[in-house]
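Participant: Read off the chains here:
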Amino acid sequence: MSEPLVVIGNGMAAARFVEELGKRALGRYAVAVVGEEPHLAYNRVLLSSVLAREVPASDIQLKPARWWRDRGVTLLYGKKAVAIDPAIRRVKLANGATLPYSKLVLATGSNPILLNVPGMNLPGVLTFRDLADVAAIAAVGQGKKAVVIGGGLLGLEAAYGLAKAGAKVSVVHLMDRLMERQLDLRAAALLKRAVEAKGVTVHLNGDTAGIFGSKHAEAVVLKDGRRIEADIVVVAVGIRANAALAHGAGLVVDRGIVVDDHLQTSLADIHAIGECAEHRRICYGLVEPAYEQARVLARRLSGDDKAAYTGSVLATNLKVSGVNVFSAGDFLGAPGTEQVVLSDPGLDSYKKLVIADGRLVGVVLYGDTADGLWYLDLIQSNASIDKIRDELVFGRALVERIAA
Amino acid sequence: MNAPSHHPAAVRTTCPYCGVGCGVLAKPDGRGGATVSGDPAHPANFGRLCSKGSALGETLSLEGRLLHPMVRMPDNGLARISWDNALDKVANGFRSIIDQHGPDSVAFYLSGQLLTEDYYVANKLMKGFVGTANVDTNSRLCMASSVAGHRRAFGADTVPGTYEDLDEADLLVLVGSNAAWCHPVLYQRMIANKRERGAKIVVIDPRRTMTAEDADLFLPVAPGTDTALFAGLLVHLADTYALDYGYIDSYTTDFENALARARSIAPDITTTATATGLAPQDVARFFQLFARTEKTVTAFSQGVNQSAQGTDKVDAIINCHLATGRIGKPGTGPFSLTGQPNAMGGREVGGLANQLAAHMGFTPADIDRVGRFWQAPAMSQTEGHKAVAMFDAIAHGEIKALWVMATNPAVSLPRAGFVRDALSKLELFVVSENVLSNDTVQAGAHILLPAAAWGEKDGTVTNSERRISRQRPFLTLPGEAKPDWWMVAEVAKRLGFGEAFAYRGVADVFREHAALSAFENNGTRDFDIGGLANVSGPEFNALEPIMWPVRTEDSSTDTRFFAKGGFFTSDRKARFIAPEKPAPRMAVTTNFPFRLNTGRVRDQWHTMTRTGLSPRLGSHSPEPFVEVHPDDLTKANLTNGGFARITTPYGSCLLKVTASAGQRPGSLFVPIHWSAETASSARVGELVNPHTDPFSGQPEVKATPAAIVAVDFAYRGFALGRTAIPLPQPTWWARVTVTGGTGYLLATNDAPERWQERARALFPDCELAEYIDGPRGLYRIAAFREGRLEGCLFVGPAAHAPQWDSVKALFEMEAIEDMQRRMLLSGKPADGIAEIGPVICACFGVGLNTIREALASGAATNVETIGQALRAGTNCGSCLPELKRIVHDRVPQPV
Ligand SMILES: Cc1cc2nc3c(=O)[nH]c(=O)nc-3n(C[C@H](O)[C@H](O)[C@H](O)COP(=O)(O)OP(=O)(O)OC[C@H]3O[C@@H](n4cnc5c(N)ncnc54)[C@H](O)[C@@H]3O)c2cc1C
Ligand code: SF4
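Chains V and Y, in that order, give the protein sequences.
Using the working numbering, the letters of the first sequence map in sequence onto residues -8 to 395.
Using the working numbering, the letters of the second sequence map in sequence onto residues 274 to 1168.
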């Protein structure tokens, strides 16, 4: 008889995990997927495009219902798992039902962080994480005032989507530059200009004091006294790994559910992948590490003992139409590193390579991002770039032509 | 004026560069330019042109042209004024200075670039009407020693032979002449002679030039010792019974004297070899060849002339030809190759301080004759200041007014720095010029007069074989430009000499000049073109190239001189001259251990004010350099391709070092072409000593003691600009014209960060693309305005100087594509790099064009296969909707 394998969470990591497992060990497990959201798994990445009305919501489903059926997966969506009892190897659902497991995979993703300031629970204060959020945000009418708190990747995509939908959008950002976790000062300045060109007002160094409103959000008030009128407020200040269940089950949880290179939690047969997991002290917030983890775990659970996950080098893509940014590695350049910079405002292009000991260790690309992944490969391969350094920033095609 | 024709016929004119005087066919393109080809009917070149001549069409642009009279303002700027005003100012200025300080307080400094008619009018005004012989010319730097040598030996400045002698000689001896570069078309005739008739070529030059490459015998003489070689030759000819006693007895005097002097200088081959630094067997071979070969031409040029003993050198050569009677007969003779296009014309009108006019001097009879012909009120009675002395006289205030025509003395004279300072002391400093700015103008000219340039000028020039050719206009005069003769005549009128200068046109000037040459001549003077004194306007326009003398209207055959004597001395006999023992005027010392030699490069002319406009010509030798023998390189710790400062007691230059085994050890060679306009520190004139030949006044520009030390620059690079780029001090730079603008090659010690700070100032109002790799010392910018590449700057470590070829190619284009722009700062061409188009899959960097190509080629047919083929859409999947749309758009939809 197949072993019962339960996946909690029906998001991107979960879907990929099932896909990978299906390729290797179809039939070995009786798979059940529990998902809180009342949908088939969908591509969360595309929520921005949905908000920007570039893609219809109906188009973002990852796999059709039949696909799940064909793999014999029991899909329990619209159901929340509320507890795990490792002692008896059971998962309890909100409706009281329990599911037995021999293997448990946690793929619960993360939750948006809310600010600890007054007014956070006023109607009209929204987050941007799932389809329900998108529906709520999209309901704001033409010409309404929207304030996005957070000038990171997510906040900017929300702001762009809102602006495209016809709202008057302001972004309030705590730091002196947008996307400070992914961009250096120069790229951030270019980005600011591009975002502003899309009709979004940017307020930097804006520390939110609270959201003002009697029955509904009316304005965002900053600590320096600035006050920005708002019909809705979207809070996109970051995410926190969704580890409540794990915590309740007594698993080791730090910022996320702590896993080892085998994606195993502190308890045997309980695994965690995706944004909810913390691997080597890192909680990732992107899909690629989630996919890698999903694949490694699928291999292990199919009997491949050698499979291991050793971490991902992050690369960032911002999905604001016409604005390409990419960064990876030590893009700021730690002391002792060297930099090669190429910029051409006329082509809206800026590229910075960070080099240490003759190796590429970081990159920021603005505008011309086509070679991002190639740089990422170079960073990961840790190969010497001394010979190609003079061509490197001009891109792969030139380097390869010269080498040929 | 004629209506512009749509198919203008080619105009027959003459190349304005070297003394070969090639005929040129110029076909105006109706847009201010012209295509240029050789004139097959011209007897100097029969259709050939050299690289300089061929590029004439590229030098016609009006960029940088002086188009209006200008006057210097109190704030030192230049302001436009009317012709009337300008001419009044010139005339009044001259008048008041002459009134106060006498006629010798004014001077004209002319040029072998002027037409004969310009020269004639200027000479006439000064020597006949102002009353001073302070008229000298840059020909002083070039031909004066030949003139003096000819006059001492022949009694007149006569070139005895014709170019045909070069075709018919069996031995061609080239002394101090890099004809391969400096007289290329004539050189080709000599090479043809060698090839077809087996003529032997001997090249005598301290430097192994291009000309030496084809020589049967190359004699690298020690600088300044040519006289010893030819003295030795005369002795050898005497000792081997190779003399023509018949000729010596009938047509010459002073032979014994000259031979005795020759014996004291070089009694035998061994002594000759020691004195000249040559191998005895080479000397012997040369002597034998010369002695044996009846048909011998000895052609000489600046290497002979530009010396403090130049006149002696010329005469030492002439001695050998007189002694063998090899003169005036086909295939024989001493042959002076003149440098400039109209040095000969200037000599014919007497535009030199030590000549009066029409090959007449300052004897009472000549002064009287010319005075009567001109009906001149104030004939100058004595010789004036020759070039170097003229600028001395300016420096110590004796000369207070100067008019410089068509030359750039602030660059070309010895001690150029001193000359520039002298010019700034003038009370009145007039320059008639083609260009708005050159070093002479910058030396503080008070009044600038816009002169007609080649293609606009109308008149005649005379080449090295005495052949007068027309320079005909094929372009209209731009702006307010005027011929120089017109300016002088207008000033003359304002000085009260209207009647004597009432020329209706250039033909009037020519006829008067021709008439003067024939005036009371009767065969006593070599220069006689009386046969042309009555040409009509149309005849003048149609004048075919014609060799003087033209004593009567129907004499039109080419003439050689002196086969049967007939010299222009009082007894009609030639004089043998006993030359001084050769020694450069200045000895090398421990502080200045090298000898500095100067000269031309192939593709540039003089100070590059015109050849510098041609991108093609600029690419041959773009940087000013010093050639050093490899042994000296090691001794002086220099690097080939590095930099060095050359210092003499007169000044210093900073040049690129080129190792050349053709260079004599102990000698340095530096080209003459660069000025403050074209390089930061390469005005070679500044280095050159002012010692002159006692007879010709020609300065010794090829033998100044000099020191050389290596100078290191940390960085090298280049810049390109549509207009001049204000490079900061103390950048080392050399400027060259490139298609579409100006290029600079540069060297600097300023680190990339310094250049980054300056970028804005270098390219104001431009959008700047920038590449910086500080640790590698690389900094590059490209400046754009409205999408057009306006300029760029590349700086890199000196050891790997950035190359400009691919950047230059982009700079030349009207518009550049995005991919080319993206690759531009790599300094490498974008060839073969596909434009991938807007990025669709950001995760894998897959572009729209790449996806479309995959679909077109069938490598992919739908979103899944795109993913398989290109990986697009297989990671985060955010591009999947777009991929779907691309596939959908491509597949034709059923209607
Ligand atoms: C708007 C937006 C744009 C993004 N753009 C990009 C991008 O361009 N590139 C990129 O790499 N990443 C992007 N991301 C991040 C990316 O979507 C996530 O990293 C990825 O979805 C993580 O996958 P996951 O499976 O770990 O979590 P999720 O996809 O969040 O899946 C977790 C699922 O678990 C469910 N769940 C949680 N707790 C329970 C429970 N107790 N019981 C049942 N179900 C539960 C949740 O409801 C959720 O559906 C974006 C995210 C957002 C919100
Ligand atoms: S050889 Fe002299 S005259 Fe003839 S084309 Fe060349 S530069 Fe002109």
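No wet-lab data here; the hints were simulated from the structure.
You may find that some hints are simply not true.
Below, a list of computed lysine to any residue pairs in the SDA-like style, where the Cα atoms sit at most 25 Å apart [as the list claims (entries may be wrong)]:
#, chain 1, residue 1, chain 2, residue 2
1, Y, 1157, V, 391
2, V, 54, Y, 1134
3, Y, 1157, V, 379
4, V, 189, Y, 1134
5, Y, 1081, V, 332
6, Y, 1081, V, 379
7, Y, 1101, V, 45
8, Y, 1101, V, 330
9, Y, 1157, V, 156
10, Y, 1081, V, 242
11, V, 54, Y, 1059
12, Y, 1157, V, 332
Some chain V residues judged to face chain Y by a derived CB distance under 7 Å, without partners named [unchecked claim]:
#, residue
13, 46
14, 103
15, 104
16, 127
17, 131
18, 274
19, 276
20, 278
Ideal Cβ placement from N, Cα and C applies to all residues, glycine included.
Participant: Compare the structure with each hint and give your call.
Facilitator: Going down the list of hints, with the structure as the test:
1. For the hint linking residue 1157(Y) to residue 391(V), the alpha-carbon distance of about 31 Å lies beyond 25 Å, and the restraint is violated.
2. For a cut-off of 25 Å, the pair hint linking residue 54(V) to residue 1134(Y) stands: about 21 Å separates their Cα positions.
3. A distance of roughly 37 Å separates the Cα atoms of residue 1157(Y) and residue 379(V); the hinted pair therefore is violated under the 25 Å criterion.
4. Proposed proximity of residue 189(V) and residue 1134(Y) is contradicted: the alpha carbons are some 34 Å apart, above 25 Å.
5. For the suggested pair residue 1081(Y) and residue 332(V), the alpha carbons sit about 22 Å apart, so the restraint of at most 25 Å is met.
6. At most 25 Å may separate the alpha-carbon atoms for a hinted pair to count; residue 1081(Y) and residue 379(V) meet this at roughly 23 Å.
7. Simply put, residue 1101(Y) and residue 45(V) have alpha-carbon atoms about 39 Å apart, too far for the 25 Å limit, and the pair is violated.
8. The suggested pairing of residue 1101(Y) with residue 330(V) holds, with an alpha-carbon distance near 21 Å, which does not exceed 25 Å.
9. Distance restraint check for residue 1157(Y) and residue 156(V): the Cα-Cα separation of roughly 23 Å lies within the 25 Å cut-off, and the hinted pair is therefore satisfied.
10. The hinted pair formed by residue 1081(Y) and residue 242(V) fails the criterion: a straight-line CA distance of about 66 Å is larger than 25 Å.
11. Annotation: proposed proximity of residue 54(V) to residue 1059(Y) is violated, straight-line Cα distance about 49 Å (limit 25 Å).
12. The straight-line distance between the Cα atoms of residue 1157(Y) and residue 332(V) is roughly 36 Å, outside the 25 Å bound, and the hint therefore fails.
13. Below 7 Å, beta-carbon pairs count as interface contacts, and residue 46(V) has one with chain Y at about 4 Å; its hint therefore holds.
14. Contact between residue 103(V) and chain Y, as hinted, is not supported at the beta carbon level, the nearest pair being about 19 Å apart and thus beyond 7 Å.
15. The criterion of a C-beta within 7 Å of any C-beta in chain Y is not met by residue 104(V), whose closest approach is roughly 22 Å, and the hint is violated.
16. Taking 7 Å as the C-beta contact cut-off toward chain Y, the hint placing residue 127(V) at the interface is violated, the least distance being around 22 Å.
17. Using the Cβ-Cβ criterion of 7 Å, the hint placing residue 131(V) at the interface with chain Y is not satisfied: the shortest such distance is roughly 23 Å.
18. Given hint, residue 274(V) at the interface with chain Y, is violated; its Cβ is 18 Å from that chain's nearest Cβ, farther than 7 Å.
19. Taking 7 Å as the C-beta contact cut-off toward chain Y, the hint placing residue 276(V) at the interface is violated, the least distance being around 12 Å.
20. Look at residue 278(V): its Cβ gets to within about 5 Å of chain Y, closer than 7 Å, so that hint holds up.
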